[in-house]
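Asks: Sequence:
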Amino acid sequence: MNREFDLIIVGTGLAGYGLVEQIRQVESNLSIFMLTQDDGSFYSKPILSTGFSNNLEPSSIIDYTAEEMAEKLNIEIKTFVKSDSINTKEKLISAGGYVYRYNKLVLAQGALPVHLEWPVNVQPSVFYINNLSEYQDFRESLKKNNKIALVGSGLVGMEYANDLAASGMQVHVISVDNYPLEKLIPYKLGNALKACLEKINVNFHLDTKITDSYVKTNGEISITTENGEQIDVDIILSAAGLRPNIQLAKSAELNIGYGIKVNSTLQTSDESIYAIGDCAEINGDVRMFLIPINLSIKSLANTLTNSYGLSDEVNFPLLPVLVKTSACPIFCVPPPVNVQGNWKIDGEENNLKGCFFDNENNLKGFALMGSRIRERVSLIKECNQ
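So our numbering is basically just the index in the sequence shown, starting at one, shifted up by 847.
Calculated from the structure, these hints are not laboratory results. One or more hints might be untrue.
Claimed, not checked - No farther apart than 20 angstroms at their CA atoms in a straight line, the calculated lysine to aspartate or glutamate pairs in the DMTMM-like style are these: (1) Lys919 <-> Glu964; (2) Lys1145 <-> Glu1118; (3) Lys1097 <-> Glu1076; (4) Lys1035 <-> Glu914; (5) Lys919 <-> Asp885; (6) Lys938 <-> Glu1100; (7) Lys1056 <-> Glu1100; (8) Lys1211 <-> Glu1029; (9) Lys1063 <-> Glu1045; (10) Lys1191 <-> Glu1029; (11) Lys1041 <-> Glu1006; (12) Lys929 <-> Glu987.
Unchecked claim - Distance windows between CB atoms, simulated: (13) Phe927 <-> Asn849: 16 to 24 angstroms; (14) Asp1079 <-> Glu904: 54 to 62 angstroms; (15) Asn992 <-> Thr1055: 22 to 30 angstroms; (16) Asn876 <-> Ser1119: 48 to 56 angstroms; (17) Glu1160 <-> Leu959: 25 to 33 angstroms; (18) Ser1116 <-> Ser1225: 40 to 48 angstroms; (19) Glu904 <-> Ser1116: 42 to 50 angstroms; (20) Gly1066 <-> Glu1222: 44 to 52 angstroms; (21) Asp931 <-> Lys892: 24 to 32 angstroms.
If you're wondering where the values come from, they're calculated on a predicted model, not measured in any experiment. Where a beta carbon is used, it is the ideal one built from N, C-alpha and C, also for glycine.
Sequences and hints are given; from them, build the entire structure.
Replies: The structure is reproduced here in structure tokens:
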């Protein structure tokens, strides 16, 4: 006989656990079951990109084990199990050889690293850090390696570059972008960040891509870029981006775009299934930052605790991003991608302010560096007008 739960959540990251914590503030009687492919530990994922310079052991990052979370939240958690398929008609989910019945189902499976193609003998030296286990594996590899190729110059890539260089590693950043954080900030600020990171032993190879790589006889990896550079490193850390985890949703034939398509109440194309966090595409947008996840948690908790009746729509205000590059911290509010306009920059050296104005001269975004970060409150107010 299938076990039945009021609510089943797939995923025990911030979105999954945060949702249960919010629900338990107002509803103690719902039977809740969580499924996860890892050990179910609760920890702050952003800490991973600053853990090397702080010499953080994986065990010190964990706030609660799965057993402690289960007791704390009065729930059941099944760890190290892959959710295989969903039968939407019967409201059943199959995982690890068992079948469970749900009243409501929430997909909180996050995102997966983009995997680039590598030669077979290079692959064992390529690492991805998207969870605590992968952090531990990479940390172990650093004990005998100190020359690192870091592929990608986005937010995660730059935080890792800063952290690894600050911990004494020689870092080579390889990216197709023209400058660091190209999707978030204007060129002048990106170039200033580049200069700051170069001072702590980060080497940049930009506007290029890897065309060849092989393992040398001494065990080093030789990388050739499109512009003809040859870089010898010990290991490779790939930070080439994340993609929403949509495979389980596909098996249920839910509507899929770049992520799992949901409306403003986070409901999928099936009225009993919701998606939250990095796997969700909310009204056409995937929002992979902490603030939209926290706002989504509150909204979905309200929806699920209103006797499964009234729904609470999630609304996103300005979404600031703090870039944790200690060599040169940055605070920004990226402008909407569909808004036409121009950046206006002022300041000197590392104390820079960039403001993005639309064609009607309305402030739609900004980026601050150094001493200019103190202006963030007034600029947020101006953006909200």
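Asks: Between Lys938 and Glu1100, does the CA-CA distance stay at or below 20 angstroms?
Replies: holds (13 angstroms)
Asks: Is the gap between the beta carbons of Asn992 and Thr1055 within 22 to 30 angstroms?
Replies: holds (23 angstroms)
Asks: That 24 to 32 angstroms hint for Asp931 and Lys892 (C-beta), does it hold up?
Replies: Cβ of Asp931 to Cβ of Lys892: about 25 angstroms, so the range 24 to 32 angstroms holds.
Asks: Take a quick look at whether Lys1097 and Glu1076 sit within 20 angstroms of each other, Cα to Cα.
Replies: violated (41 angstroms)
Asks: Starting from Lys919, check that the Cα of Asp885 is at most 20 angstroms away, please.
Replies: This hinted pair holds, its Cα atoms lying about 19 angstroms apart.
Asks: Indicate whether the distance between the beta carbons of Glu1160 and Leu959 respects the range 25 to 33 angstroms.
Replies: holds (28 angstroms)
Asks: Within a Cα-Cα threshold of 20 angstroms, do Lys1145 and Glu1118 meet the stated pairing?
Replies: holds (19 angstroms)
Asks: Taking only the CA atoms, is the gap from Lys1211 to Glu1029 under or equal to 20 angstroms?
Replies: holds (17 angstroms)
Asks: Could you say whether the range 48 to 56 angstroms given as a hint is met by the Cβ separation of Asn876 and Ser1119?
Replies: violated (19 angstroms)
Asks: Take the C-beta atom of Gly1066 and the C-beta atom of Glu1222, compute their distance, and say whether it sits inside 44 to 52 angstroms.
Replies: With a Cβ separation near 49 angstroms, Gly1066 and Glu1222 satisfy 44 to 52 angstroms, so the hint holds.
Asks: Given the hinted pair Lys1191 and Glu1029, is their alpha-carbon gap at most 20 angstroms?
Replies: holds (16 angstroms)
Asks: Is the straight-line distance between the alpha-carbon of Lys919 and that of Glu964 20 angstroms or less?
Replies: Since the Cα atoms of Lys919 and Glu964 sit roughly 42 angstroms apart, the hinted pair is violated (cutoff 20 angstroms).
Going down the numbered hints, you'll see the structure goes against 1, 3, 4, 7, 9, 12, 14, 16, while the others check out.
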